[in-house]
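**Student:** Protein chains in written order, with full-length UniProt numbering: chain P, 1 to 323; chain B, 1 to 323; chain X, 1 to 323; chain S, 1 to 323; chain F, 1 to 323; chain H, 1 to 323.
If you are wondering where the hints come from, they were derived from the structure by calculation, not from laboratory data.
In this list, chains with the same sequence are indistinguishable; a pair is considered to hold if it fits within one copy or across any two.
In silico DSBU-like pairs for lysine-lysine, Cα to Cα no more than 35 Å straight-line:
# : residue 1 : residue 2
1 : 117       : 96
2 : 213       : 79
3 : 137       : 175
4 : 79        : 96
5 : 213       : 175
6 : 288       : 78
7 : 259       : 310
Chain by chain, the residues:
There are 6 protein chains.
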Amino acid sequence: MSGISSFNEGDKVNQFVLIKSVTKGTTSTGKPFLTLILQDRTGEIDAKLWDCSEQDIVDYAADKIVKIHGEITLYRGKKQLRLHAIRLTNEQDNIKKSSLIMSAPVSIEDMVESITKYVFEIKNPNLQRLTRALLKKHHEAFFEFPAAVRNHHEFMSGLAYHVVSMLKLAESVAKLYPSLDTDLLYSGIILHDMGKVIELSGPTATSYTLEGKLLGHITIMVNEIGDMARQLELDGEELVILQHIVLSHHSKPEWGSPKPPLIKEAEIIHMLDNLDAKMNMMDRALEKVKPGEFTERLFALDQRALYRPKTISISSQMQPERN
Amino acid sequence: MSGISSFNEGDKVNQFVLIKSVTKGTTSTGKPFLTLILQDRTGEIDAKLWDCSEQDIVDYAADKIVKIHGEITLYRGKKQLRLHAIRLTNEQDNIKKSSLIMSAPVSIEDMVESITKYVFEIKNPNLQRLTRALLKKHHEAFFEFPAAVRNHHEFMSGLAYHVVSMLKLAESVAKLYPSLDTDLLYSGIILHDMGKVIELSGPTATSYTLEGKLLGHITIMVNEIGDMARQLELDGEELVILQHIVLSHHSKPEWGSPKPPLIKEAEIIHMLDNLDAKMNMMDRALEKVKPGEFTERLFALDQRALYRPKTISISSQMQPERN
Amino acid sequence: MSGISSFNEGDKVNQFVLIKSVTKGTTSTGKPFLTLILQDRTGEIDAKLWDCSEQDIVDYAADKIVKIHGEITLYRGKKQLRLHAIRLTNEQDNIKKSSLIMSAPVSIEDMVESITKYVFEIKNPNLQRLTRALLKKHHEAFFEFPAAVRNHHEFMSGLAYHVVSMLKLAESVAKLYPSLDTDLLYSGIILHDMGKVIELSGPTATSYTLEGKLLGHITIMVNEIGDMARQLELDGEELVILQHIVLSHHSKPEWGSPKPPLIKEAEIIHMLDNLDAKMNMMDRALEKVKPGEFTERLFALDQRALYRPKTISISSQMQPERN
Amino acid sequence: MSGISSFNEGDKVNQFVLIKSVTKGTTSTGKPFLTLILQDRTGEIDAKLWDCSEQDIVDYAADKIVKIHGEITLYRGKKQLRLHAIRLTNEQDNIKKSSLIMSAPVSIEDMVESITKYVFEIKNPNLQRLTRALLKKHHEAFFEFPAAVRNHHEFMSGLAYHVVSMLKLAESVAKLYPSLDTDLLYSGIILHDMGKVIELSGPTATSYTLEGKLLGHITIMVNEIGDMARQLELDGEELVILQHIVLSHHSKPEWGSPKPPLIKEAEIIHMLDNLDAKMNMMDRALEKVKPGEFTERLFALDQRALYRPKTISISSQMQPERN
Amino acid sequence: MSGISSFNEGDKVNQFVLIKSVTKGTTSTGKPFLTLILQDRTGEIDAKLWDCSEQDIVDYAADKIVKIHGEITLYRGKKQLRLHAIRLTNEQDNIKKSSLIMSAPVSIEDMVESITKYVFEIKNPNLQRLTRALLKKHHEAFFEFPAAVRNHHEFMSGLAYHVVSMLKLAESVAKLYPSLDTDLLYSGIILHDMGKVIELSGPTATSYTLEGKLLGHITIMVNEIGDMARQLELDGEELVILQHIVLSHHSKPEWGSPKPPLIKEAEIIHMLDNLDAKMNMMDRALEKVKPGEFTERLFALDQRALYRPKTISISSQMQPERN
Amino acid sequence: MSGISSFNEGDKVNQFVLIKSVTKGTTSTGKPFLTLILQDRTGEIDAKLWDCSEQDIVDYAADKIVKIHGEITLYRGKKQLRLHAIRLTNEQDNIKKSSLIMSAPVSIEDMVESITKYVFEIKNPNLQRLTRALLKKHHEAFFEFPAAVRNHHEFMSGLAYHVVSMLKLAESVAKLYPSLDTDLLYSGIILHDMGKVIELSGPTATSYTLEGKLLGHITIMVNEIGDMARQLELDGEELVILQHIVLSHHSKPEWGSPKPPLIKEAEIIHMLDNLDAKMNMMDRALEKVKPGEFTERLFALDQRALYRPKTISISSQMQPERN
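Could you build the full structure based on these sequences and the hints that come with them?
**Tutor:** Here it is, written out as structure tokens:
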């Protein structure tokens, strides 16, 4: 696929991009310039707009679509776009924002269908009713939000995509270990990260809300479960257990869970969450390098640089599903 | 004050005590015996009841009051009661359980009055209404529960006593640092540990409930605030801040707070909580030793053994208020 | 299933057991006694043999089968057997050691077949030849040894049982994430713990060998791979990668891996190893308690005590396969 | 108050400032330039002097007062002064260094008076004589030095200001907890940081001395107490305790105290020190942002960014006392 | 050498020993008994004196010499003496305390001579005068005290023996690395642990003094150097450096040094201290086991159990010098 | 010695240097430039080549020798070379690469002789044969490779130089502690870091190989020992011990040793390794500063900045041997 992620030093660029963020600066000689982060659905790149006018500062704001013309250079080992020309889109361009945003490799409709299937398999009536009610309450955001601001599944619909992957994993694992309770697994997985629809600001240009910063998605979601249970007048030990599963899914206090998993299914959900998140991070880092090379150091993998073997073909996780 | 805490090796004992807990054991030769933890309002002591009958096992259960006769011995450096005789109380004894339980050095009435005074000083209407409503909902338990199972304020009404001490401290500190917001301080202090009325089982023979073990008092109380705000239809940033104060009052993830204090008053409440708890632990440990001696190692003070100076008189914190 | 694991306080016992270990002691009055750890295929229990004769000390040695008669008592909250009578087995008893040893819930033949199937699916000829050669070299021990001295899969054939479970898991996971290389997964899983056949002393009464203590199973196995590759005159990057997978499968230096996983499949093998081990530990701890109870604190799960929910039925992992 | 701390991007600047420090550099084209840190009593700002002459390098040295003319720009998100003109002060300017230095919000005379009052309340004659003698020995520096090079109370007379605040806090706390010994509290607080008059180089342009780097203020002060006690021929357990209070006031080895507090008053002094230091840091960080904003990340508060609530007015700690 | 360290289970014992410490206990049936720690110059052993009389309690106190008759038994895997008879020594026995105390393998005279030689090699007059003066001030204790209460060199004259070993090591190392300053090495080594003569209570039955507990030998010795320098009216950077060497010789804050070594010779002294201490610990632990065995877990070596190789002869460090 | 290490700001430079590494960059205005790291035998320095041509990029590659003409400037406190002219060497220049590379202060012949001497002193035939065979196998690389990429002994022949220093140290220490086994010490020291000849890429422009990154020199060398023992058909406990010594010489898991030293000689080798490495680092850092100054912060010494005393002469470790 062509686009930002496939640019190499020296390439000429001529395409539409979305401005993800803008920072204004001043050169040492006092002239204003803009640092733009530009994105298309394959990735993002930095660009400087030197000697910019007052009008430029107004025009080239975050979330605007622009046509750019320029060349790829290297700055401190990182690719950068040297701008030769930039202009705003107009109607004739007929370009849509959605075509410039990275999003999950499956459609929202397919994910709704998948999740609905698992909800129906929850046999405990309390757990099923609660999960359905919360899915309904946050339906739109749940299927559009990313799973994070960075690190893993930080693309549109990333949250739902991550949940669908975990549900499939859980189904496979439960077949191998029949002592696992699938009601707790499925309801726990669907709800574990749903608090992000309140913790984060939205599906694009995502940042943390005040509630996100002061309470965090775990605390927010434990509250949502408690509140919804009272509204639906549900009662029973399984509701406290479900709150516990959400509360403990980061596993350790220093990772944000004040209680470690004390229920078997809580421990398993933590592990599957970790597995799916790491798989996503590793695949995306390895796609960017050639066989025989190491990736850049990955913050969320303890600064490890992974090696992509020469002799063994790695096909992208996402490609098969993209078509 | 005479009683268990003042016993020395060799003392003869003849008094009423409350059975705090009982464990059944078997000697190496196969005979049953009971290990009793006995308490009066000054402290507790272990005792063994050897060669006990089936009836003894029925009679001498937790929460029963008994008359004992025996002698104090040392076992591995710890005082123990050697029982010569034991019997259940009867009506003629006319002994009340409350006279055998350690409790706060001020009356419940006085504490209700103190806390009410601080509630009235909360000027923000949302914070005042919410604090009053939650105090009312949990009134009885709040004034009877201990603040903990062990370590500090683990006596009847210890929770309210701890809150009153912190409120007085906060009032003093706010006078010295006028930038502090007393509305947040007072409402935060009153609510910070209120979740213990659900986390713990009751005012005596206290243990952890299932909710206490799976969610913890911090998460429980953040939920209670959210729920009550919705019931009262209150809204505003200060309610999220109040939840944050409760959430962060243990200061660090590894101490149970998923978010560290991000509001100045949250940081101060954490510090005052710590100061009052440590003062209580230190005073009680130092009361048990003579000037020129070290206390036993104190678990909650990082295993430190404190020194009680010779030349400097330490009067008990509690004595002045007891009269 | 009746047997040691199902004993309760007060039960009369009359059965054959295997002596797992013996320690000689002396009472405070100078008389010798034996502390025996006795086992059958369901579990183990401590027993004291008081006033034992010189002959008793000779007779009741580790790995001997004895008939015992006694009663279950509680000592410091732990079940203990009070011996009324003990004798060595004789020919008429017709009791076999294998009937008293806990072992994997599937037969060795079935495990050989499973593993052979996965070996055949390894397409890279170097990896397949090497894996076959090492399986052949250590065949007998590999299918009889436990996976550990304690904590998880510490029963006869535990090593192979653990490997089979991981292979099945890997197959499921690779279906969901097609970018995974199954050659590396299958060869890595089969070899990752094979060094235990040198680190440990044998299938029963297992302890650590000198090589186990000074080098450890990870270093031992990396050597075995290097040595076998030279013997078979194999060469190629994938052999270094396979050594790396074994070297890094404990993930962190402080857990015994001098290099962290730097290959995607190495990271996944670490996670599946962890998942299968914890599942085994959790299932066995939860089987010992009733719904609504907490397990004892589990050392290998960071001292957590797990809760077994009331409302949700947990069937044993092993039962379905035992029939 | 106008001055450096209130500058915004684009502001024209024309005022006197003190040069806090200077670093000489060379541009990539080989021309010399100066990086100046300029301060007035409200704050500090960086400025570059490009194309500077040999004379400029001589003139614009640390601790010189200059008149500057320029404009505020942003460089990597940080305010910087772009210099249009700079000159040294002359007599006609009639500007005093003290008017350009940030200092405590109360006068030295008032602080001398406050501390003298607390010295008189020390009843133990050894502690009083020793405290007076050390205050006399280091009088001038004690009332002029900052409490630190950065982080908290890093302004002129910051050391004494911090001590006065702690003494007032200690007085309040001792009223609430009458078991505290005020003699130890007052003498310990006055002396705890006095070693900084040897550890640091002076009241302005403060850096660490060789003794400061090799021994540190805690070790220096414990020595000073021991030495003065011998000069005054004082003797008694309370002198060792006072040395212990100074030694342990950072609480943990990793924070610089080889012994943790083993005396109740030592623990309390540590806590009050911490409370006053954090209050100072938090107030100064919050003053720089508007309600509804977060502060920058604060190094000395574990990199936390604090939130300044919208609805709650925060008045500066210092304003009330400044008048 | 015969004596306590060479006893095996079942041995009959009949010899003089020194009572190192006594603890009084009471049996569960209320009878008093004594737990004695008995020592001779080869080691120590526990013994119980059952059914002891009032006179026994008076007679068998710490530091008394007694003749014992008994037998070695095993209790929880540890050797213990079962007493058949015990009596106090009388004049006819003609037994001296010094013959029952473990002490350094070289005489005090030899150690005085060794250390004097190194003092004369210190060329810097300030360092030499200071070192001589402090050696003179603490002469007697310095050559009699142990280096510690436990772990290493915890025998009579252990402190001086440890210093002599380190001086010899330093001399060898300085020959290989001529950039090392021997003046700092020799004076630093002689003084580094001298504070132990104040930190510890005496050469036998050693415990910590109040100054030891509240200040520690490092702080004590830094004070001693400062004080002596002032008495001798010495001045110069090298005195601060010498204090720094003592202050930093435990290397890390969590090991008791508030400053890490910032001088090359300080770092080397830390390393030689560590090397000599570990060599002493390892030799003594390995002497107690046979070739092919592991030692017990050694607390001061991070709980490691060391292996004594079969094929390689280990001769005791001390034997050559003992003759 | 003149050369790069003795340059000061403002110096004119005109000499031959070796290009250690090159990075290509682009200025903000889009023009290519080269960042060169240049070295001679005394040190290295950065230089920028602005406005470079296509030919320049081809010519000035790593490992090329060039004649440079320029001037020393300061950039962010670090010395940098401003290039006035640069050209490749030609035959007439008659300059050898070896004259521009820093290498050990003794000749390879001398080091071969030293190490051979110690090999002959190994009395155990297995250890001697194995050590000789491995020295022979890796002879050339062993005497040319550095000991590391940075931090200590990162110069040509640094590996052998480090081994010779440790052998001399071990000989001295074994004289003072006769219980040490010199066979284990000498063979262990010679082999401990030999795996670096496979972990690193070569004697100059050194980087890590794939085996180095995935396995590390410790694992590689343990394999080499096992493999050579099998080739030589050697057998015996001492070979496992030798592998253990290599495996454990980094002492702690987090420093790369999966097993801590469990043999006395392993512990001593770890300590001598540490001592020689730190001595090398400290000497080289101190040589760069004047008496009375602190060095830069040293990464491998926990970021400490060391002080070079004024009054005490520090002669370079290397000078005496250089002549």
